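Colleague: These protein sequence lines are chains V and A, in that order.
For the first sequence, the working numbering assigns the number 697 to the initial residue and increments by one for each residue that follows.
For the second sequence, the working numbering assigns the number 697 to the initial residue and increments by one for each residue that follows.
Any given hint could turn out to be false.
If several chains are the same, the list does not tell them apart, and a pair holds so long as it fits within one copy or across any two.
To be verified - Cut-off 20 Å, straight-line C-alpha distance, at most; resulting in silico cross-link-like pairs (SDA-like, lysine to any residue):
1. Lys746 to Arg984
2. Lys746 to Gln762
3. Lys746 to Gly836
4. Lys746 to Ala1119
5. Lys746 to Glu1041
6. Lys746 to Arg821
7. Lys746 to Val768
8. Lys746 to Glu1118
9. Lys746 to Leu772
10. Lys746 to Asp766
11. Lys746 to His770
12. Lys746 to Arg1088
The hints are simulated quantities; they were obtained by calculation from the structure and are not laboratory data.
All of these numbers come straight from a predicted model, not from anything done at the bench.
There are 2 protein chains.
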Amino acid sequence: MTGPRDEEGLDPESWDAMRALGHRMVDDMMGYLEQVRDRPAWQPVPDSAKAALDRPLPRLPEGAEQAYADFVTHVLPYPLGNIHPRFWGWVIGTGTPLGALAEMLGATMNPNVGGGDHGANYVERQVLEWCRELFGFPAGASGILVSGGSMANLVGLAVARNEVAGYDVRRLGVAAAPAPFTLYGSAEMHSSVQKAVELLGFGSEALRLAPVNAAFEVDVEALERMIAEDRAAGRRPLCIIGNAGTVNTGAIDDLARLADIAARERLWYHVDGAFGSLAVLDPELAPRLAGMERADSLAFDLHKWLYVPYEAGCTLVRRAAAHRDTFSLTPGYLAHAERGAAGGELWFSDYGIQLSRGFRALKVWMSFKEHGIDRYARLVRQNVDQARYLERLVENSPALELLAPVPLNIVCFRYRGALRDEAAIDALNRELLMQVHERGIAVPSNATLHGRFAIRVAITNHRSRREDFDLLVREVEAIGRELETRPAGAP
Amino acid sequence: MTGPRDEEGLDPESWDAMRALGHRMVDDMMGYLEQVRDRPAWQPVPDSAKAALDRPLPRLPEGAEQAYADFVTHVLPYPLGNIHPRFWGWVIGTGTPLGALAEMLGATMNPNVGGGDHGANYVERQVLEWCRELFGFPAGASGILVSGGSMANLVGLAVARNEVAGYDVRRLGVAAAPAPFTLYGSAEMHSSVQKAVELLGFGSEALRLAPVNAAFEVDVEALERMIAEDRAAGRRPLCIIGNAGTVNTGAIDDLARLADIAARERLWYHVDGAFGSLAVLDPELAPRLAGMERADSLAFDLHKWLYVPYEAGCTLVRRAAAHRDTFSLTPGYLAHAERGAAGGELWFSDYGIQLSRGFRALKVWMSFKEHGIDRYARLVRQNVDQARYLERLVENSPALELLAPVPLNIVCFRYRGALRDEAAIDALNRELLMQVHERGIAVPSNATLHGRFAIRVAITNHRSRREDFDLLVREVEAIGRELETRPAGAP
Chain V
697 MTGPRDEEGL DPESWDAMRA LGHRMVDDMM GYLEQVRDRP AWQPVPDSAK AALDRPLPRL
757 PEGAEQAYAD FVTHVLPYPL GNIHPRFWGW VIGTGTPLGA LAEMLGATMN PNVGGGDHGA
817 NYVERQVLEW CRELFGFPAG ASGILVSGGS MANLVGLAVA RNEVAGYDVR RLGVAAAPAP
877 FTLYGSAEMH SSVQKAVELL GFGSEALRLA PVNAAFEVDV EALERMIAED RAAGRRPLCI
937 IGNAGTVNTG AIDDLARLAD IAARERLWYH VDGAFGSLAV LDPELAPRLA GMERADSLAF
997 DLHKWLYVPY EAGCTLVRRA AAHRDTFSLT PGYLAHAERG AAGGELWFSD YGIQLSRGFR
1057 ALKVWMSFKE HGIDRYARLV RQNVDQARYL ERLVENSPAL ELLAPVPLNI VCFRYRGALR
1117 DEAAIDALNR ELLMQVHERG IAVPSNATLH GRFAIRVAIT NHRSRREDFD LLVREVEAIG
1177 RELETRPAGA P
Chain A
697 MTGPRDEEGL DPESWDAMRA LGHRMVDDMM GYLEQVRDRP AWQPVPDSAK AALDRPLPRL
757 PEGAEQAYAD FVTHVLPYPL GNIHPRFWGW VIGTGTPLGA LAEMLGATMN PNVGGGDHGA
817 NYVERQVLEW CRELFGFPAG ASGILVSGGS MANLVGLAVA RNEVAGYDVR RLGVAAAPAP
877 FTLYGSAEMH SSVQKAVELL GFGSEALRLA PVNAAFEVDV EALERMIAED RAAGRRPLCI
937 IGNAGTVNTG AIDDLARLAD IAARERLWYH VDGAFGSLAV LDPELAPRLA GMERADSLAF
997 DLHKWLYVPY EAGCTLVRRA AAHRDTFSLT PGYLAHAERG AAGGELWFSD YGIQLSRGFR
1057 ALKVWMSFKE HGIDRYARLV RQNVDQARYL ERLVENSPAL ELLAPVPLNI VCFRYRGALR
1117 DEAAIDALNR ELLMQVHERG IAVPSNATLH GRFAIRVAIT NHRSRREDFD LLVREVEAIG
1177 RELETRPAGA P
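One chain only, chain V, in its complex shape:
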């Protein structure tokens, strides 16, 4: 039973040829990962590649083999670098070989995991249940996989807004509030929280930034005073945001005290645990996150400190009804049926912004099964131990200076040498960091701490070894010396 000749499709003329191409891709990709340590941590995109990626829209078929050849030539050699053992920029995970293969499996089934009765929905439910268990959220708590931490914070704060406002915000909007809403967190909060606050219509002025102590943890008394002052001024406090690992230094707020305040003040308690929340896996680190399990909503990523490939973030919400009440919208064409493909009880579109949702649960599910959570716990701990190792290397170096405590997996430091002028030190370290990238040595990023430019090493990398930090320090010292002794104005 073949179709008339005048109808066409996008399936290959030869499935065998597509299989052979797929085999070649697998070999190339596994080789690419196997050899990653031998390549530079980063290299710039050459003009030739930029030109090849600035071409007219292809009208005629070039074929799968050619598309792949162009990828191999112009794209594959120029990764961001986070697959490399010495990538420690921003907070970016490594990915794994099976995680990459799982993306092919998921995209072959190609489900929309927005709802209906099909296998992918049960995989996501399983992953969410495992996450609930990991973070000690109660049975009946809900969750949703999202693109990452920004979206996870947005989901949590959207529920906060609609749940605590005290009237029907979905129908009447923010302008119907009896008094201006306010939200509270530390000055070290991630910018995605501000982005969420802006999107939700609060305005960034509604976000109160309490100062931090010397350990970059929120000053809880100051935060309490801000709430009291706002109440006295007739404003309407809505939510406290706690940090389980700040982006700059990995500081962990006193999450239990924040939980107490939120309970006493009847505020929503959201915890941004993008990466730091995963420290809960290690029995020695877990106590420092005490109180996190009391959050009304918790945002975290699986593509950071669980090393799953992009994109995989998650929001857990303590009360499923509040979660659903914020997002559920079921017009006739999305009606949930009793049976058939539109049946089933799992409609994730009722718990988030997306209606079209890919199968990101699969790579998480397969990865958890591949490695078991105990191995992840050891790796989280290994990264923390590596941060402490680097901390000691910096402390033992006469030329380097630590710029912040190292509570978790982030080390902020700078080259100082014999320099004393702050502006000169900043300028030198900016240049130094760019050269560390350009020479392919490693990819730290930067932070600004008390106005000082810091080289920032954030370790969510399962390929890093202690020797990699030895190498980093050695090279930073060498480049620093070069720059320090370079005649002023020299290139």
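Add chain A to chain V, keeping to what the hints say.
Modeller: Only chain A this time, still in chain V's reference frame:
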């Protein structure tokens, strides 16, 4: 140079074993797609699979092979069905073999496409440039790939809010508006627009739903009157939303007249073109979308009518500065550098909600190159022709009844037979649709049109052939007859 034995990672003990597993996966996945026509369009998830997907968190490694075996046994047999030639539910694309393989490639490189200088960013820029060209947006327009239509609408409406409000909404919020904001579209608008309006803090009451004509297109005069009345009542009209293909019937609003009104009234003009906008590829259909190219923002999906695997949506914004002004936020730790990995001019995180962004551009780029856009144009036309073919089949069937015009790729009909009671007809068609799913025949979804339950066939499927629609009609007639003649109360 190997690391000390006490450090571990997530890379496989044997790369050869992982390569072999990858080859097996490729063979299985290509075979799965090659044979898809021979399997049921959908089948329920059995209790055994549900039980296998409701297990305790794995603490110890089960290994990659076991994880894959469990996927093959418990997940793979139960897809939503949109890879099947007879899946026409909701609006869901088919995916392609190369698209699935591209996901593996992208996840191997595993970049964060939020910013910095690396290959993936240039691939996304290329894809956005091609989209800009396809939709006739001016040079200098900006864009961003997103998860899908819901997010694409949210991005467009966020820019609308911040750009047209006339004050600093990001800082001051919606409550600082001098008058209540209002937005306008038809009663057939997609629910994701309402979701976006709620999220952005407007409140759903701000969304004015103009009635539609017999073709389910917006009644433009009624919409104009609503704007005038709101102005007279002191409200602040902000935005008009046009439909390039409504979800229920594929109706296309008069996009040029809406553009005129938006220009005259100085409102933002957003077009929701989730799938219908792609009809622009066909020279005969394109004129019906005239005016779409005048939109301030356009939302559309590549995972629907361009058959790319999930997730791939897009927003184009006419004025890049407005787009950037809504989303750009660059704290110190996201500072864009002059050189190095944090260099480059492409910071997509400045143009959307996500900071962590996967490499969804790759599957689009490779697919466009594989097939060429002319083939996509023919396939879009083929799906429209198939809808017309099905329309004729329905019209020629004495037992079936068409419930809406077929302007594009969607056919809404029902079984009527000899029945005259509306409630009985609705009930029969609900049962009929579930049986069409359960018997694995096909997966249409449903719509409610003038209060009537419609079986809804939305064709964004490159595997469908005319014979598939013959089969659908034959089976619907047969099941309808069965149900019609079944004694009342029989199972």
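Colleague: Tell me, please, which holds for lysine 746 and histidine 770 at an alpha-carbon limit of 20 Å: within, between, both or neither?
Modeller: within (8 Å within a copy, 43 Å between copies)
Colleague: Are the CA atoms of lysine 746 and arginine 1088 at most 20 Å apart within a copy, between copies, both, or neither?
Modeller: Cα proximity of lysine 746 and arginine 1088: none, with 41 Å in one copy and 50 Å across.
Colleague: At 20 Å max between alpha carbons, let me know whether lysine 746 reaches glutamate 1041 within a copy, between copies, both or neither.
Modeller: between (47 Å within a copy, 12 Å between copies)
Colleague: Can you tell me if lysine 746 and arginine 984 fall within 20 Å by alpha carbon in one copy, between copies, both or neither?
Modeller: neither (46 Å within a copy, 36 Å between copies)
Colleague: Between the shortest in-copy and the shortest cross-copy C-alpha distance, which are at most 20 Å for lysine 746 and valine 768: within, between, both, or neither?
Modeller: within (14 Å within a copy, 40 Å between copies)
Colleague: Up to 20 Å between alpha-carbons, please classify lysine 746 paired with glutamate 1118: within, between, both or neither.
Modeller: neither (37 Å within a copy, 61 Å between copies)
Colleague: Which holds for lysine 746 with alanine 1119 at a C-alpha limit of 20 Å: within a copy, between copies, both or neither?
Modeller: The answer is neither: 35 Å in one copy and 62 Å across copies each exceed 20 Å.
Colleague: How would you classify lysine 746 and glycine 836 at a CA-CA limit of 20 Å: within, between, both, or neither?
Modeller: Between copies, since 18 Å is at most 20 Å while 50 Å is not.
Colleague: One pair to classify: lysine 746 and leucine 772, alpha carbons no more than 20 Å apart. Within, between, both, or neither?
Modeller: within (13 Å within a copy, 39 Å between copies)
Colleague: Is it within, between, both, or neither for lysine 746 and aspartate 766, if the alpha carbons may be no more than 20 Å apart?
Modeller: So lysine 746 and aspartate 766 pass the 20 Å test inside one copy only (12 Å; across, 42 Å).
Colleague: Classify it for me, lysine 746 with glutamine 762: is the Cα-Cα distance of at most 20 Å met within a copy, between copies, both or neither?
Modeller: Answer is within: at 18 Å inside a copy they meet the 20 Å cutoff, but 41 Å across does not.
Colleague: For lysine 746 and arginine 821, with the copy left unspecified, which applies at a CA distance of at most 20 Å: within, between, both, or neither?
Modeller: Between copies, since 10 Å is at most 20 Å while 41 Å is not.
Checked against the numbered hints above, the structure violates hints 1, 4, 8 and 12; every other hint is satisfied.
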